[in-house]
Amino acid sequence: MALLSDLINLNLSETTQKIIAEYIWIGGSGMDLRSKARTLSGPVSDPAKLPKWNYDGSSTGQAPGEDSEVILYPQAIFKDPFRRGNNILVMCDAYTPAGEPIPTNKRAAAAKIFSHPDVVAEEPWYGIEQEYTLLQKDVNWPIGWPVGGYPGPQGPYYCGIGADKAFGRDIVDSHYKACVYAGINISGINGEVMPGQWEFQVGPVTGIGAGDQLWVARYILERITEIAGVVVSFDPKPIQGDWNGAGAHTNYSTKSMRNDGGYEVIKKAIEKLGLRHKEHIAAYGEGNERRLTGRHETADINTFCWGVANRGASIRVGRDTEKEGKGYFEDRRPASNMDPYVVTSMIADTTILWKP
Amino acid sequence: MALLSDLINLNLSETTQKIIAEYIWIGGSGMDLRSKARTLSGPVSDPAKLPKWNYDGSSTGQAPGEDSEVILYPQAIFKDPFRRGNNILVMCDAYTPAGEPIPTNKRAAAAKIFSHPDVVAEEPWYGIEQEYTLLQKEVKWPIGWPVGGYPGPQGPYYCGIGADKAFGRDVVDSHYKACVYAGINISGINGEVMPGQWEFQVGPVTGIGAGDQLWVARYILERITEIAGVVVSFDPKPIQGDWNGAGAHTNYSTKSTRNDGGYEVIKKAIEKLGLRHKEHIAAYGEGNERRLTGRHETADINTFCWGVANRGASIRVGRDTEKEGKGYFEDRRPASNMDPYVVTSMIAETTILWKP
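Protein chains in written order, with the numbering used here: chain A, 1 to 356; chain B, 1 to 356.
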């Protein structure tokens with residue numbers, strides 16, 4: 001409709017100082033994103049200057065009906081790629097009226113860990129590789145797959161091109177630009193091994209920002225699939241059989257690892273992670289046991305092992321890091337539906353604060 | 001979708017210095033193109049200033065899972081016609097972490113030949129005529145052909161126009177402009193003898209650049225067919241029977257052939273090519289025996305012959321070249337699925353370096 005897109009693309013800055021702020025939060029399942037918008041009197045760039053807000057927690061499984069107000073605290077601002085102009089996206093977390101984080105609020109505990117002086121001193125960087133699958137809307141079957149059947153086996157699709165190998169690139173490419181526009185530190189994208197599966201990477205981002213940016217990147221992705229009429233799935237093993245799962249490999253480094261002698265620090269950190277393998281796995285995403293089988297470039301869920309350039313390991317160290325004696329490592333265990341607040345803060349907690 | 005195209009066409013230069021670089025490489029089959037993208041902090045025009053990268057060689061048949069990193073060396077930059085702005089396409093070749101070209105990397109050996117002082121002195125020019133066939137996605141039958149049947153016999157289609165004679169021109173014409181935009185020296189296009197088959201020409205380009213430009217032109221073509229929902233085939237004989245095959249005729253000249261007395265140099269060069277006919281044919285593309293039958297404007301695969309204005313010959317010399325006593329000649333043997341790094345360097349090697 002010519003008229004509808006004219007309206008949706010109105011540049012309000014030509015007529016008013018008012019801006020629209022879309023407040024985003026995580027709902028009761030821990031994976032469902034919610035948002036609503038409000039008008040503000042002028043542009044805002046500091047989250048501390050944004051007003052707190054509230055929502056109906058009884059509609060998201062986060063509060064009882066008789067006492068349903070959940071308070072939203074603004075934590076991070078990004079430019080809104082959908083409304084553009086001076087309009088913004090605001091990542092929030094949720095509190096009771098008394099000021100306590102509600103049970104599903106994982107950001108608050110993560111922020112505590114990231115503000116511990118030992119963690120602050122180490123400047124932890126995160127690079128998260130978010131994999132996801134695009135599904136046809138009415139049948140919940142991956143896009144590009146014949147309904148009632150399967151495509152040819154894996155092989156041609158990883159970084160592939162062509163109408164018979166790459167499905168949904170317009171979503172992926174618009175997501176890439178939208179995230180750059182928004183101010184998300186999106187570092188790249190690629191087509192994945194399973195057809196209809198893609199990956200984007202966010203990072204390096206320091207501390208709590210990694211979780212904020214990944215959640216907003218997920219929000220932008222789901223808003224884009226909404227426009228495109230497809231469904232995004234973060235399920236770690238969307239299709240049973242000889243098809244890859246979806247992960248959220250988390251690359252990690254601290255100041256000590258990035259400096260000379262870092263490789264030894266890395267090895268010690270990996271050792272500590274190995275001692276807490278079960279605890280980490282429990283926090284690395286629901287359904288991960290369907291994905292971490294030891295096949296399809298994963299390590300078995302009950303095994304902890306690490307290696308240089310080894311994609312079948314729990315933790316992989318790149319050849320560059322080995323060669324230079326410093327750098328970062330990749331925790332390949334987290335599932336695509338992991339909560340980045342939980343995973344990033346747990347890795348920092350185990351490697352920096354925890355004493356075996 | 002109006003909104004999706006707004007996002008995909010975002011001009012990032014308005015909000016950031018960051019650019020997106022799409023790294024392209026050739027996969028394990030020698031014909032499958034792969035690519036993935038990364039964000040860079042600012043515009044880059046010199047390949048030497050681009051960072052090396054790596055990819056998962058175990059997903060493209062180019063490395064084992066326990067040691068899967070393959071290193072990408074950027075070799076040539078082109079403007080990205082899909083993302084536009086300051087965004088770029090980067091043609092790469094692949095190396096082991098130790099710095100050795102991997103077995104499927106044909107560019108490295110070609111670059112060696114093209115940097116030999118005798119070859120450099122001769123300034124070899126290449127003009128490659130890339131033929132290809134467009135297929136309907138679900139049935140892999142040429143576009144415009146009735147499913148389960150055949151169109152009228154060849155005759156009306158070569159350079160033809162009209163909905164009953166030219167199929168897929170929108171793909172061809174957008175490819176033409178996209179390549180010009182990208183900085184590829186595309187010299188022309190035409191509809192081919194078989195309906196649904198087309199040709200574009202790249203050149204003249206000196207030395208290793210001919211291979212780089214042809215591979216990126218192929219990449220742009222397959223990305224465009226992906227958008228258009230059709231499949232591009234580089235098979236040298238896509239349809240059996242009284243239907244033309246698809247070639248990659250390679251036009252060639254050196255400084256000596258372009259100068260006075262060049263015609264004698266050309267005749268000597270053709271003679272040397274004749275002495276190595278079997279070796280060249282072995283490197284001129286898989287399945288070429290189905291195409292080089294002696295019919296449909298080809299010479300039989302076991303025969304080597306040349307002639308002026310003779311399209312049934314292995315090598316054709318144009319009437320202009322004969323008349324002026326200098327110029328270039330056309331090797332008509334290479335198949336559409338040839339590797340231009342191999343073919344261009346082999347022609348230079350045989351005609352300039354090889355002593356019978």
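Source of the hints: derived by calculation from the structure; they are not laboratory data.
For each residue, glycine too, the CB sits at the ideal point set by N, CA and C.
Keep in mind that the hints are not guaranteed to be accurate.
[What the hints assert, rightly or not] Pairs of lysine-lysine, DSS-like flavour, derived with a Cα cap of 27 Å:
#, chain 1, residue 1, chain 2, residue 2
1, A, K267, B, K52
2, A, K255, B, K52
3, A, K323, B, K267
[To be verified] With the C-beta cut set under 7 Å, the calculated list includes, among others, these residues of chain B facing chain A:
#, residue
4, Q136
5, K137
6, D260
[As the list claims (entries may be wrong)] Covered by chain B, per the in silico footprint, the following chain A stretches (three or more residues, Cβ under 8 Å):
#, segment
7, 3-10
8, 57-71
9, 206-214
10, 221-234
Taking the hints in turn, this is what the structure says about them:
A C-alpha spacing of about 26 Å is found between A:K267 and B:K52, which places the hinted pair at or below 27 Å, so the restraint holds. Restraint check for A:K255 and B:K52: the C-alpha separation of about 24 Å stays at or below 27 Å, so the hint holds. At most 27 Å may separate the alpha-carbon atoms for a hinted pair to count; A:K323 and B:K267 exceed this at roughly 53 Å. For B:Q136, the suggested interface contact is broken, since its CB lies about 10 Å from the closest CB of chain A, more than 7 Å.
With a least beta-carbon distance of about 5 Å to chain A, the hint placing B:K137 at the interface is held under the 7 Å criterion. Interface restraint check for B:D260: the shortest CB-CB distance to chain A comes to about 46 Å, outside 7 Å, so the restraint is violated. Given as covered by chain B, the segment 3-10 of chain A passes the check, having 4 residues with a CB less than 8 Å from a CB of that chain where 3 are the minimum. With 0 residues bearing a CB less than 8 Å from a CB of chain B, the segment 57-71 of chain A misses the requirement of three and the coverage assertion fails.
Coverage of the segment 206-214 of chain A by chain B is violated in this model, with 0 residues showing a Cβ closer than 8 Å to a Cβ of that chain against a need of three. Only residues whose C-beta sits within less than 8 Å of a C-beta in chain B count toward coverage, and the segment 221-234 of chain A has 4 of them, enough to reach three; the restraint holds.
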